[in-house]
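Trainee: So the chains spell out like this:
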Amino acid sequence: MISYLLRRLMYGALILLGVNLLTFFLFFTVNTPDDMARMSIGGKHITQDLIDRWKAERGYDKPLYVNDAKQGSERVTDTIFWDRSVSLFELRFGRADADSGGDIGQEVGRRMGVSVQLALPLFVLQVIASTAFALLLVMFRQTRLDFWGVICCVVMLSISSLFYIIVGQVLFSRVLKLVPISGYEPGLGVVKFLVLPIFLSLLSRLGTEARLYRAMFLEEIGKDYVRTARAKGLAETVVLYRHVLRNALIPIVTSAGSYLPYVFLGSLVFESFFGLPGLGAYVIEAISKQDFAIVRTMVFVGSLLYIATFVLIDVAYTWIDPRVRLS
Amino acid sequence: MPKFVPLWTDVSVWLLVASGLAYAVMVLRSSNLRANWRKVFRDAGALCSSFILALCLVITVADSIHYRPLLKPAAGAAHDAVAYDTVTHSLLDLALSDLVDSREETYSRPFAYVGFTKESVTINGQLKRVAPRLAHGGAHLSDPEHQWGNDMLARGVGGLARGALFALVSALILIAFVARSRQARFASTAASIWRNEGEIPWRAALWTVVSLALLIGFVVSMMGYYHVMGTDTTGNDVLYQSLKSIRTAFVIGSLATVATLPLAVVLGIVAGYFRGWADELIQYLYTVLSSIPNVLLIAACVLMVQIYIDQHANLFETGAERADVKLFLLCAVLGLTGWAGLCRLLRAETMKLRELDYVQAANAFGVSPSRIMRRHIFPNVAHLMLIVTVLDFSSLILYEAVLSYVGVGVDPSMNSFGGMINLARIEMSADPIVWWSFASAFGFMLAVVLAANLFADGVRDAFDPRARAFRPRVAITREAKPSSSTSA
Chain A
0 MISYLLRRLM YGALILLGVN LLTFFLFFTV NTPDDMARMS IGGKHITQDL IDRWKAERGY
60 DKPLYVNDAK QGSERVTDTI FWDRSVSLFE LRFGRADADS GGDIGQEVGR RMGVSVQLAL
120 PLFVLQVIAS TAFALLLVMF RQTRLDFWGV ICCVVMLSIS SLFYIIVGQV LFSRVLKLVP
180 ISGYEPGLGV VKFLVLPIFL SLLSRLGTEA RLYRAMFLEE IGKDYVRTAR AKGLAETVVL
240 YRHVLRNALI PIVTSAGSYL PYVFLGSLVF ESFFGLPGLG AYVIEAISKQ DFAIVRTMVF
300 VGSLLYIATF VLIDVAYTWI DPRVRLS
Chain B
0 MPKFVPLWTD VSVWLLVASG LAYAVMVLRS SNLRANWRKV FRDAGALCSS FILALCLVIT
60 VADSIHYRPL LKPAAGAAHD AVAYDTVTHS LLDLALSDLV DSREETYSRP FAYVGFTKES
120 VTINGQLKRV APRLAHGGAH LSDPEHQWGN DMLARGVGGL ARGALFALVS ALILIAFVAR
180 SRQARFASTA ASIWRNEGEI PWRAALWTVV SLALLIGFVV SMMGYYHVMG TDTTGNDVLY
240 QSLKSIRTAF VIGSLATVAT LPLAVVLGIV AGYFRGWADE LIQYLYTVLS SIPNVLLIAA
300 CVLMVQIYID QHANLFETGA ERADVKLFLL CAVLGLTGWA GLCRLLRAET MKLRELDYVQ
360 AANAFGVSPS RIMRRHIFPN VAHLMLIVTV LDFSSLILYE AVLSYVGVGV DPSMNSFGGM
420 INLARIEMSA DPIVWWSFAS AFGFMLAVVL AANLFADGVR DAFDPRARAF RPRVAITREA
480 KPSSSTSA
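Going line by line, the protein sequences match chains A and B. For the first sequence, numbering that gives the first Met the number 0 begins at 0 and goes up steadily by one. For the second sequence, numbering that gives the first Met the number 0 begins at 0 and goes up steadily by one.
Keep in mind the hints are simulated off the structure, nothing from the lab.
Computed footprint of chain A on chain B, listed as stretches where at least three residues anywhere in the stretch have a Cβ under 8 Å from a Cβ of chain A: (1) 290–302; (2) 390–403; (3) 422–434; (4) 440–450.
Every residue gets a Cβ at the ideal spot worked out from N, C-alpha and C, and that includes glycine.
Based on the sequences and whatever the hints tell you, model everything.
Mentor: As structure tokens, this is what we get:
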């Protein structure tokens with residue numbers, strides 16, 4: 000198992016290299032540092048001096064891939080690509096492009112805490128709620144409850160999450176005045192700011208997830224071991240909870256696990272709507288300010304988390320399903 | 000003569016419609032495909048939603064023929080000088096020119112004859128706060144306070160009656176058509192449709208036609224006289240914006256999914272067929288792509304596109320052209336970043352297929368690999384392509400709203416559901432609440448996405464029998480019925 004994990008991690012590193020190459024190409028070759036400087040300085044009177052200074056301050060004043068002026072290995076190492084890549088892999092993210100921008104690494108560390116506060120409870124509740132709803136539908140399969148439940152799911156998944164947020168904010172915060180509309184405070188007081196986004200996010204994804212899980216349950220229910228369990232006289236609830244649920248957990252973990260990166264990255268839309276200073280809101284701010292350094296870093300952090308997640312899911316398999324041996 | 004402006008997305012829409020028609024001809028010729036599509040329409044949800052989607056498609060196509068009207072020569076200009084309007088119109092704009100021209104000052108409620116905000120007016124020397132009359136909404140009423148109710152009633156009933164008449168005529172045509180294909184008498188066909196007998200659920204389809212006709216009849220009779228969905232902050236008609244947004248949604252949904260196809264299909268089949276290093280390389284490519292969170296990757300690409308467009312503003316003659324290129328490139332970005340899922344699916348399916356006897360036989364006969372992939376593998380994975388395309392369609396429409404909110408969606412000058420929701424967000428927190436823009440975007444978007452989802456479910460069920468588990472099983476009576484067409 001150790002050697003399997005090692006291999007997975009090596010492949011992950013290879014993927015990260017690819018991600019790095021792709022983002023570098025996007026951010027430095029499609030647009031040259033000069034373009035970025037012009038964008039960032041803004042205004043009409045842009046002199047080459049200003050551009051050069053802007054580039055020097057951020058370490059962009061080197062050739063992109065190959066430095067012809069240098070000799071030996073410095074031809075490759077004394078370039079923006081080498082600098083950026085090495086610092087990313089050492090998790091030194093450098094400064095933001097904006098003049099007032101601080102260190103991205105510190106900011107990411109600080110904001111990740113907020114994102115986890117929102118997304119971890121959300122993730123757990125999401126799996127529980129969707130599984131419970133799907134189990135309910137499966138328990139009453141081929142009845143009217145199941146029929147209307149699925150229709151309800153289809154309607155719910157046809158509604159944009161933005162609608163849930165806007166209606167939810169108006170209903171719960173403005174009309175019923177149950178929770179504040181948006182905001183954040185450290186400590187336990189944060190709960191009142193988190194309740195609504197968690198609830199709405201739960202609701203907006205329930206349709207998709209519950210329908211998917213229901214299909215997974217139904218697929219398990221048709222299998223032989225379920226018939227055996229029934230044949231030996233087990234009650235339907237026992238069959239469902241002890242046998243079907245346990246076996247359906249494997250595909251459920253895979254599908255739910257693909258959301259795990261967002262546990263750390265935060266939900267872009269929900270964070271920014273509810274004024275939570277997490278990573279998702281950070282990305283949106285960076286996009287609207289066109290701060291490429293932040294966006295570039297977040298792409299890297301995002302894929303790092305994604306790859307880590309899938310290694311974690313692999314490990315989770317061995318725990319959920321003793322038959323699985325990683326090799 | 001107006002000057003026709005073939006925008007990038009217009010041409011793409013025409014090409015898509017043309018290839019859709021070509022596909023329809025192919026379906027009609029192939030008994031296998033025909034049987035599968037019959038199965039799609041045996042599903043009531045898919046059948047009904049196909050009417051709604053067809054309606055939206057008509058709007059999309061009408062809104063995809065753009066032109067710039069010829070301006071009257073200016074007074075001092077030379078006679079042969081030709082000048083065109085800087086504003087680009089579409090056929091839909093022409094059809095809805097009433098709505099385009101009926102611009103108010105600012106907000107007004109649906110069906111209102113006065114504005115939403117009050118103004119200070121001096122009446123008989125006294126300063127009063129009154130809501131001003133609208134320039135267009137209810138302008139035909141001389142004494143609106145007393146006439147409004149009756150006028151609404153009269154027009155509403157008139158519109159519904161016309162809608163009902165249209166529904167009746169189309170129902171008769173439909174029944175006659177079904178009767179002909181069944182070679183039965185008209186009355187007995189009508190009775191059997193009413194009892195919901197037969198393979199295709201025509202009764203549900205008829206109900207859809209009737210409700211659509213009533214709704215459209217009502218709206219059409221109203222929209223020349225009132226703002227059916229009110230007006231927005233700049234006084235533009237919200238109904239018009241919603242109708243325009245349908246095109247944006249359709250273009251994104253269809254173009255972006257189609258844009259994923261070439262890469263996904265070619266790479267997926269090549270990886271699955273050749274295996275070895277080609278497979279490794281392609282797997283590596285799509286793992287890299289899919290390990291970047293989707294929104295971030297799209298945001299990064301769109302930002303780059305935006306900078307390019309901003310720096311080459313002189314390439315575009317009008318604002319509409321620039322917005323259109325942005326939309327086109329957004330679809331391209333969505334396509335280039337979104338092919339991983341389908342590619343993975345096609346690779347797995349191809350790996351299964353290549354071991355089958357008929358492929359092995361073709362191989363033994365010395366058929367070249369490229370020909371095997373084209374003739375023997377591709378037709379057998381095409382159904383996956385179709386299923387994924389229709390499933391992605393609705394999710395992309397939803398995605399557009401999120402992207403617009405993040406700031407990497409369509410151009411703000413272009414009508415889109417995302418843009419409408421974005422504006423409505425501020426309006427919904429105003430006091431008193433301005434709800435109609437939001438409600439309109441919600442209604443139209445739900446209708447389009449729900450129809451697309453139901454249709455996609457029908458297609459998936461018909462082409463991939465394993466997917467039945469997604470379906471509720473109460474409607475088992477219909478599915479259990481033996482039918483002759485499935486064996487075709």
